[in-house]
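Peer 1: What follows is each chain in one-letter form.
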Amino acid sequence: MYRPRWSHVLSYSVLLAGALVFVYPFLWMVAASFKPEAEIPSFGLVPSRPSLESYRIVFDRVPIGRSFLNSLLVALSVTASVLVFGSMVGYGLSRLSFKARGLLFGVLLFTMMVPFQLTLIPTYVLMVKFRWVDTYLALIVPGTVSAFGIFLFRQFFMSIPQDLIDAARIDGCGELSILFRIIWPLSKPAMVTVGILTFMASWNDVLWPMVVIREPKLMTMPQAVALFAVGGRAELLGPKLAAAVLLALPIISAYIFFQRHFVESMARTGLKG
Amino acid sequence: MRRGTVGYLLCLPYIVHFLVFMAYPLGFSLVLVFHKWDIVSPMKWVGLANFIRLASDSLFFRALYNTFIFLAIHIPLQIAVALFFAELLNRKLRLIGLFRAAYFVPVVVSGVVVTILWQQLYADTGVLNKLLAKLGLGRVPWLTSPSWAMPSIAIMATWKNVGLYIVMFLAGLQGIPRELYEAAELDGASKFQQFFHITLPMLNPVVVLVLVLSTIGGFSLFIEPYIMTGGGPLNSTLSAVLYIYKQAFYFYRMGYAATLGFVFALIIFLVVALQRRFVEREVYV
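Residue numbers (this note's numbering), protein chains in the order written: chain A, 200 to 472; chain B, 15 to 299.
Excised from the complex, chain A in its bound form:
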């Protein structure tokens, strides 16, 4: 028979309190976005008269639909290209031998350590020279290759048995078809990790869009919501929270479906060394 132990009861109480601390504010935020303005500072989760007024104001003042599509376009293009290019380079660096391979890998490790503060302004200047400011190109192209993505693919590909690759070569497979037909299907964990990390970083990034985009039609969702939140409209608490809910919604839905993959992928960011 199961007998509750006091230490267990205590552990669960603390764990539950912790869960409340991390999750309750989000529930409160969702509830507050449906509350009338005067009720927002209260703790409760149930609005006395739920209304969509806050959302109406957001849709009225912020091109939220357009910014959602912009973010989606940018995050999907960046993720797809990081997966394709990352696995190509990762394959080259792990499975093909050529003279500069060691040097390239060294360069890769070095670039992973360069703080972005150093390259931020010069990269902006580059965008100005390319005339890419206020275009999708500025949002997408600098993100198409990720050193960290390449690194993760390389590490993962090292663990694939050489026999498989040799067999494919004997059958006359080219290196690209080995990569896409044999390696890719075996690399789901690496694809999921790189995919989630890249998509999340791109979807949540706000500094770079604030640097290269001024035109409201091209703003990404975090940028549009951030600018709405600072825009000197301090009275509009409800609409600000509603905008935040809309911004959180896509990534939280993805998180609910792929929860375990999110946690494991993010935890892996630490295992670089």
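Note that these hints are calculated values from the structure, not bench results. Note that this is a predicted model, so its numbers are computed, not measured. Each hint should be verified, as a subset may be incorrect.
[Said to hold, decoys possible] With a Cα cut of at most 35 Å, we get these calculated DSBU-like pairs of lysine-lysine:
id : chain 1 : residue 1 : chain 2 : residue 2
1  : A       : Lys387    : A       : Lys298
2  : A       : Lys328    : B       : Lys260
3  : B       : Lys50     : A       : Lys328
4  : A       : Lys328    : B       : Lys58
[As the list claims (entries may be wrong)] Estimated spans, in silico, between C-beta atoms of each pair:
id : chain 1 : residue 1 : chain 2 : residue 2 : range
5  : B       : Gly202    : A       : Gly305    : 15 to 23 Å
6  : B       : Glu296    : A       : Ser452    : 42 to 50 Å
7  : A       : Ile369    : B       : Val34     : 36 to 44 Å
8  : A       : Asp362    : B       : Gly18     : 20 to 28 Å
9  : A       : Leu448    : B       : Ile29     : 35 to 43 Å
10 : A       : Met311    : B       : Glu196    : 37 to 45 Å
11 : A       : Met311    : B       : Ile66     : 28 to 36 Å
12 : A       : Leu448    : B       : Ile66     : 16 to 24 Å
13 : A       : Ser358    : B       : Ser72     : 33 to 41 Å
14 : B       : Ile29     : A       : Ser376    : 40 to 48 Å
15 : B       : Tyr266    : A       : Met357    : 46 to 54 Å
16 : A       : Met311    : B       : Gly18     : 24 to 32 Å
Every residue, glycine too, gets a C-beta built ideally from N, C-alpha and C.
Position chain B relative to chain A; hints supplied.
Peer 2: Then chain B, alone, in the frame of chain A:
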């Protein structure tokens, strides 16, 4: 085609990307730091003027000081809270996955969302002050007092990131061999001694990781002060990146902004190197 050639071809995307988006900006930053430039008119060579200006720029030192205040609160809090929950989650209990998932929610959500949310929690008549009032405590001027504003942002950042570090510490804890504790138990070591002489030393790699990632995070603060305080009150939340951003895009001083970026990057290198030098230990298993 020879396999070596194929290797170069496969790596071509990286080589091109590296040359355009890493090598060129790195080289160009070395040009920018010696120039005065507003992007519109031609660049003007100023020698070391940007560095001399920086050496007497009180706002640069203010941003640096603010970052250290942030780190001084954020890092210990982060490590303590993450270790505490990781220890709890490491006991063989049910529903661990669910709790872990709950603590992780703020990690996946955009900093913009978290900042807007906490701006309301921190409001003078907001939820947190109401809670304090119920407990019989006074109001805290979370974002309106210069001495509270940066600590408030540090607390918020801890709340946002700690889920990730809980998971990392948990993985670290699960990697510690049980025999170590059993042997210590036999030798009569208390739980307290076990924690300080086995758990903490064995978790050294994770601690170093948390230190380094939090430090980089502190120097990368941008959207939090941008939305919450605009760097105020009295520049008390002006962060490194926010200051670079302001110099570049409010005043169009590209040369000076690049110089700030250059110096902040050096400081990050230095701080991380010092942390590794003094905290990192070999772990013997």
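Peer 1: Decide, hint by hint, whether the structure agrees.
Peer 2: Each hint, compared with the structure:
This hinted pair checks out: Lys387 (chain A) and Lys298 (chain A) have alpha carbons roughly 30 Å apart, not beyond 35 Å. For the suggested pair Lys328 (chain A) and Lys260 (chain B), the alpha carbons sit about 21 Å apart, so the restraint of at most 35 Å is met. For the hint linking Lys50 (chain B) to Lys328 (chain A), the alpha-carbon distance of about 17 Å falls within 35 Å, and the restraint holds. With a C-alpha separation of about 17 Å, the suggested pairing of Lys328 (chain A) with Lys58 (chain B) holds against the 35 Å cut-off.
Evaluation of the 15 to 23 Å hint for Gly202 (chain B) and Gly305 (chain A) yields a failure: the beta carbon distance comes to about 50 Å. For the pair Glu296 (chain B) and Ser452 (chain A), the beta carbons lie near 44 Å from each other, so the given range of 42 to 50 Å is met. Judged by the Cβ atoms, the range 36 to 44 Å given for Ile369 (chain A) and Val34 (chain B) holds: they are separated by roughly 38 Å. Here the CB-CB span from Asp362 (chain A) to Gly18 (chain B) is close to 22 Å, well matched to the stated 20 to 28 Å.
About 39 Å separates the C-beta atoms of Leu448 (chain A) and Ile29 (chain B), a value consistent with the hinted range of 35 to 43 Å. Between Met311 (chain A) and Glu196 (chain B) the beta carbon distance is about 39 Å. The supplied range of 37 to 45 Å therefore holds. Taking 28 to 36 Å as the suggested C-beta distance range, the pair Met311 (chain A) and Ile66 (chain B) conforms, at roughly 33 Å. Taking the beta carbon of each, Leu448 (chain A) and Ile66 (chain B) are about 49 Å apart, not inside 16 to 24 Å as hinted.
Between Ser358 (chain A) and Ser72 (chain B) the beta carbon distance is about 53 Å. The supplied range of 33 to 41 Å is therefore violated. Checked against the hint of 40 to 48 Å, the C-beta distance between Ile29 (chain B) and Ser376 (chain A) comes to roughly 22 Å, which is inconsistent with it. For the pair Tyr266 (chain B) and Met357 (chain A), the beta carbons lie near 47 Å from each other, so the given range of 46 to 54 Å is met. Evaluation of the 24 to 32 Å hint for Met311 (chain A) and Gly18 (chain B) yields a pass: the beta carbon distance comes to about 25 Å.
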